[in-house]
Each structure stands twice: as C-alpha cells, then as structure tokens.
Amino acid sequence: MNLLEVQNVSKAFGSLIAVRDVSLSVKQGELRAVIGPNGAGKTTFFNLISGFLHPTSGSVVFDGRDVTALPAHERVKIGMARTFQITEIFPELTVHENVRIAVEVEAGYRLRPWISRSEAAEVKRRIDETLTLVGLTSKANRLVGELAHGDQRCAEIAMALALRPRLFLFDEPTAGMGDQETYEITQLVRRLHRDNNFTIILIEHDMRVVFHLADRITVLDQGRPLAEGTAQEIAANEAVQAAYLGKAA
Amino acid sequence: MSDRDSARKLIMLACIWAALVLAPYWMPPLGGYTALGTRVLVLGLAAMSVNFLLGFTGVLSFGHAAYFGLGAYGAGFALKFLAPSSPLSLLMGMLLGGVAGALLGTLLVRRRGVYFAMVTIAFGQVFYYIAFQWSSLTGGDDGLRGFSRQPLDFGLFSIDILSNANNFYYFVLVCFAIIVAVMSFILHSPFGRTMVAIRENERRARFLGIPVERHIWIAFTLSCFFMAFAGALYALLNNFADPKGLHFSQSGDFVMMAVMGGMRNFWGPLLGAAVFVVLQDYLSSVTVNWMSFVGMLFVLVVLFFPRGLLGVIRPKSDA
Amino acid sequence: MLQLLLFNITNGLIIGAFYVLMALGLSLILNLSNVINFAHGGFLVVGGYIAYTITPYVGFWGALLIAPPLTAVIGLVTERVLIRPLYGRDPLYSLLLTFGLAFIFEDGTRFIWGAQGKPVTVPAVLAQPLSYEFFFITGYRLFMVATVAVAVTLLFVLLRYTRLGVRIRAGTLDLETVSALGVNVGMLRSLNFAAGIFLAGLSGVLAAGQLGLEPTMGAGLLMPSFIAIIVGGVGSLTGTLLGGLLIGVASGVTAVFLPAASEAIMYVMMAVVLLIRPRGLLGEEGMMT
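Quick note, the sequences are listed as chains A, B and C, same order.
Once you know that position 17 of the first sequence is 17 in this note's numbering, the rest is easy, because the numbers rise by one and skip nothing.
Once you know that position 50 of the second sequence is 299 in this note's numbering, the rest is easy, because the numbers rise by one and skip nothing.
Once you know that position 70 of the third sequence is 638 in this note's numbering, the rest is easy, because the numbers rise by one and skip nothing.
No wet-lab data here; the hints were simulated from the structure.
Take every hint as true, because none was put in to throw you off.
Capping the alpha-carbon separation at 25 Å, the derived lysine-lysine pairs in DSS-like fashion look like this: (1) Lys493(B) - Lys329(B); (2) Lys258(B) - Lys139(A); (3) Lys124(A) - Lys258(B).
Note that the structure is predicted; figures quoted are calculated from it, not measured.
I would like the entire structure built from these sequences, with the hints used as guidance.
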C-alpha cells in the first residue's frame, strides 16, 4: 500500500517554476532518497509534501487521504515528521526539554494547564526511550544550542521520533557534517529504517549515504523528474550522470 | 534540575516574599513610603503580564497598556455605577480588559514581528481615543473620578483599605500573590512549555504540530486578563482612572520595566518596575525635563544593558 | 449635498497627502531595516522647529529647502550611532530605542524652544484662498499637496532608476543576497534612514505652516502613519501611498455624516483590512516579519 502518493505537483513562484510535474509514490516501510544537482527543487518538493508550501497544481495523498490543502501543523498530527536542512531545534532549552515538548504535544497535552503524576511519569519514560534510541541519553541535560552539529541533528531527529510519525522527511540530515558525524547519522537512520520499520524519505547530497540506505531513488533535475529506480539502476543511468556531470562542467 | 539549583531557587523565592511582606517596615527608613510600594506591586504585576507574552512567548506586544487602562476604567465604572465593592470592581475591570483582549487578539495574531507590534499599538490607541473623546462617560482628559476603594466587608468585621495605606498594601499583595501563582502555574504546565517553544523556534513549534496562532491567542488573552487586573488595582490605588494609562507610551514603560529587570526571568519585571518607579519618582521631583532622562534611560538600557539586571546571570530557561 | 461631499473628499485628499508623506518615510525605514521608528514624529517636529528658527534668515522658501536635509543629517547621525548596533538583534530593542528617542526629542524641543506653540508665518502669496467658492482650498494647502506630489514622485523615481534606489528595493526583499553581491549594507541602511527622515523633516516644515508648532505634535501624527502602512500593505510603498490617501479621504467623508467619528474611521478601516486581508491591500504574502 502506498503510504504517500504525490501526483504531478508543480510549484511556481511568479514566473520561476521550482518544481514541475513531479510524482512520487512511497510504500509503507520504504526508504526513498531524493537526489539531484543543486537547484533541482528538492527542498521545495519537501516543502510541498510537509505543508510548508501549497502546490500550484497537483495533489498530495497521505494514507489514502488528500492532504493537499492541509496546513503544516495538521499534517504533523496525521503522521508526518520533518527535519530541516538547517537544524530547527529550541536552542536555549535542554535536550530533555526539547523532546519533552514533542512528546507532550503528541500525547495531546498541549493545552493542558496541568498533568497528573502518572501522565508525567509516562512522558518521562517516552523521553528516555527516545533519547536512548538516538543515543543522546548522556547529554540529556545539555542545552541543545551548545551541542555539536551532529548531536543537534540527533536531537532534532529525536523530536521527530517523539511525534510517533508514520512518515519521516529528512532534508539533508548530514549537511555540513564531517565523516564521523555523517557515519553516525547514517547509522541512526539505518536503525530507524531496519529495526523500527519506519517509512523514510531522504534528501541527500552525499552519495555514500544514499547508496548505503536507499531502497529506491528519485532523481530531480531543475524541478523536473529525471529518473527513478533502485540504487543500481540509478548508478547506471546515463541521463543522471549527465545531469551531475553537466553541472560540474 | 539539580538539588543545588532547587535550593537556590527556594532561597531566592523566600527572600523575595520576605521583602514584599515586610515592605511597609523597611521602606520608610530608606526614605520610601508604603503607597510607593503598592505602586511598585501594581506596575510590577503589569510588567510581569506583558512579560508573559514578551519574555516567555517571544511576542512583541507593544500596545498592552490598553488592557491596563480598560481594567482601570472597568473598576471605576463598577464602583461608580454598580456596587460599592472593591472585589467586584476588580472582577469587572479584569473582565473588561480581558474580554477586549480576547476579541482583539483574534485580529492581532494574524501578524508577527514588528508588524504585530504596530498593530497592537494602533489598536491600543483606539481605546485611548475613545476614552479621550467619550468624555461624558469617561471624563475625557480629566479622567474618571468620583469613586474610591471600598472597605472589605467580611460580614463580622471589615478592613479599611481606603485610609489605611498598610492595609491596602497587604490587600494588593494578596491579589498580587494570587495572580503571580496562576502565572507561574501556567508557565510550568505543558501549555506554558508550548509558549516557550514558540519563542525559541516558531517554525519548529509548528512542525511539532502546535497550532501557533491559536496558542499565541491564548497566551495573549491570558496576559490581557492579568494586565486588566493590574489596571483595576491601579484604579483602586489612585481612586482615579485616566486616558494616559491607555496610551502607548505607558505600554513602552511596561516593556522597559520588563527589559530592565530581565525578560527571561520570572521576577525580572518586578525588579524593573521597582527601579523604574523609584527613578521616575525621583527624577520628576528634581527636574522638569525628567522625560528626557527617561528617554535616555531607554536608550542606555537598550544599548548597554539589554539582558536587564537579572539577565546578567546566565539565563537558564525558566520553564 | 454633493458640494459638501466634494468639499470633504478634497479635504480628505489634502489630509491624506500629508499622511502619505509621513507614512512613506516610516515605511522606507521599516521595509529595509525592520525598524519601527517611533521617533519619526519627533524628527518631524525637529524639522519644523529648525524651519521656524532659520526662517527669519532665509525666508520660508529657504527654510523649505534647508530644513529637511538638515533634519536628514540629524537622522543619519542618530542611525549610525544609536540604531546601527541593534540591527542584528531582536527588533524589540530598536523599537524601545526609538521610543526613548521620541521622549528625548519631545522634551528636547520643549527645552530649547519652550512649551508654547509657535506660530509659523507662511508667505502671503500662499495664504490666499483660491476662490470664494472653494475658500477652504487655500493656496497653502494646494502648495502642500503639490510639494507632496513632487516629493513622492522624486522618491519613486529615485527608487526605480538610480543605483541606490534599486539597491534599497532589492535590500527590502533580500538583504543577505544584496550584501553577498558586495553592496555596503551598512551604508545602504544609513542612506535609506536618512531618506526617510528627510521626508519627516519635510512633513515638519509643511505641518508647521498649516498647524503651527508644538513639541507634542509628533506623537499625534504617528498613528495615522502606522494605519496607512497597515492598510496599504506590508512591504509596499505604493501600498503606503494608497493607504494614506484612503484613510485621508475616509476621514474627510466621515466628517460629513459623523463628525465625531472622522478619526475613528481610520481604526475601523484597519480592523476591516486585518479581518479580510491581513497582509494589507497591496501587501505581499509572507512578508510577515
């Protein structure tokens, strides 16, 4: 069953067409990578899926439901969680506090002036569980703004996890990271995919990460869909090579 | 939070309350007088109400004096036309300002940042203008007069808060304590944490599933209720309500108190109010040009002291 | 009845023209630097008082030519010394600073020139009404509208066709890119601010001739400017132009039917715009901060 079906979406900003007639179908439990040279419209595409922007045309169907007009915060409620190219976290709060907000919102407590002792205990349990999964337990009481880049990304992923989503959207999770951090994030994403069977869509520039993780790859070039297939198919695809090499030349 | 932090917080809290409870005794020897202390409490409460939005939700509300003024007029109207009851006047004032805030808030939360500030100021001025023009009801520029705070009637005995400054001080202190407790309670709740989330990173808050505009509206409405309550107390303090309390320059004063004392600290605005009130009191008695000095104070604080007095300590989040 | 309506619409346009001049200066500064210049009214008053002071030496026309640039210089100095340190920070701080400046200006003018209002004599050639029938259109009011029209046209020409103007417009949309292209953003902001203050100073000279001078007059003119910007639309100077004229006319027309509400109508318009079209009439989507 297709968890996400994006059909012929386009997005125009005045006369600039950032995304042109892109379609994508992702099955439950799949890890899909979206790649393409700079300016291919990948982040704009993500913005359309997550509700940050509304498409000029086309539709987004999530779990059988048309969400094209649904605002961003509603899409979170029905199961989409997203990380951003530039890490979006709460810098002056601790890791624990960051995740706590996510857990409380997911649990439906966001308007509560008060929670019971047992509810608070359950919240704490879920926070600990999430932090263990991303490996930040030892840094739980550090201010997120003071952490290293890689740890900040882990914290952001922890928040996304705490939302108990059906679909993860990771926008260049390893952007700006060195080899060691890239390795750790890749391993984390792999764990989430393999061990927990999450459905993940990933924008990535680092090809090692892409080929290491992806079930299927979608290639965009200048806002248009260029190719789609397994890692081997894409690696062998001449049009894809030309698009990347063409940019370099 | 570590045990040492908790202990430190408790001690600080105890000191603050001790100072507040004993104010009528340590103020006079220092050249102060009880009514000044009452004034600090009331204006401090107003500054804390503004900070509820400014420091804790990160929202630039600059027209908040409108609700302060509405609270004052509400209390005055209640005492003049409804019943000679101080508690009732407080309730009426709070309702007038709070409901106005709730209604206007629906329009206001559609903007953000500096535009939000502009709109809040402009709307605030509407009430100033009404108070000024509708002189048959409000007394216009002269203000609303002809009422005074009524003794508290507990059936078996009553407390005179009109002529006894100390009694009134403690009455205000009790009211202050109640509102401050409510504020603190909310800030430490899950809802309060969403407020801080919005301040820290609005986009991330939205992408956690928080309907940001709605939460801002709720925070706004709450702060308007608190603000109006402070305004009602102010009317009782002065036995008088005037349009100046609605003017945006009053709003600026409240914001300055919050900034001066430290926006990220719960008690900062109270300290800021104390400093501001004392300074203004002193300045207006020694020079005609006290306005320039207040203006210079604004400039100096902004340029050199933006974290405020209590912000000099490393601000660990209060939520 | 029709004549009364026409009278008030024309009156409204005249008032509106004045609001436009004030609001445009404010809007210029707001769009590029994200600063609400609370002291704008203060600069207006300073401009007016400078004109008042130099009129005995250079006459009204001399004052008209000299006072605005002089005020702009004061504005430039203010911007470089006081406002520049605040650009990277939360907009709250620049708000508070200009707020404090407004106090200083008001009290300062009171200190230097006294609290009494000062009358400003306008050249006799302008003080004559145009005709008996249209007695309300004095030469001065027409002159005011003409001056505003000239100033606004010059402003738009400057923004459209000069390099500085193009940079300002680009900076309004994306300051980071403009900076990356090698433009000195600090200088750009300073000049933009000075331009805005020039308009404020000019407003001051014109206002002086119409209303006389008083230290407190700046604050009262600030609100209509705010409303003009909100109604006309965020980030759009044309919008501000439109907004100013609209509220002026609305105010004039309301004076026919409900004189007491002629000022209140501006706020009503603002409320309606916020309800129906929060970004303003010509505002752009997404210019929320």
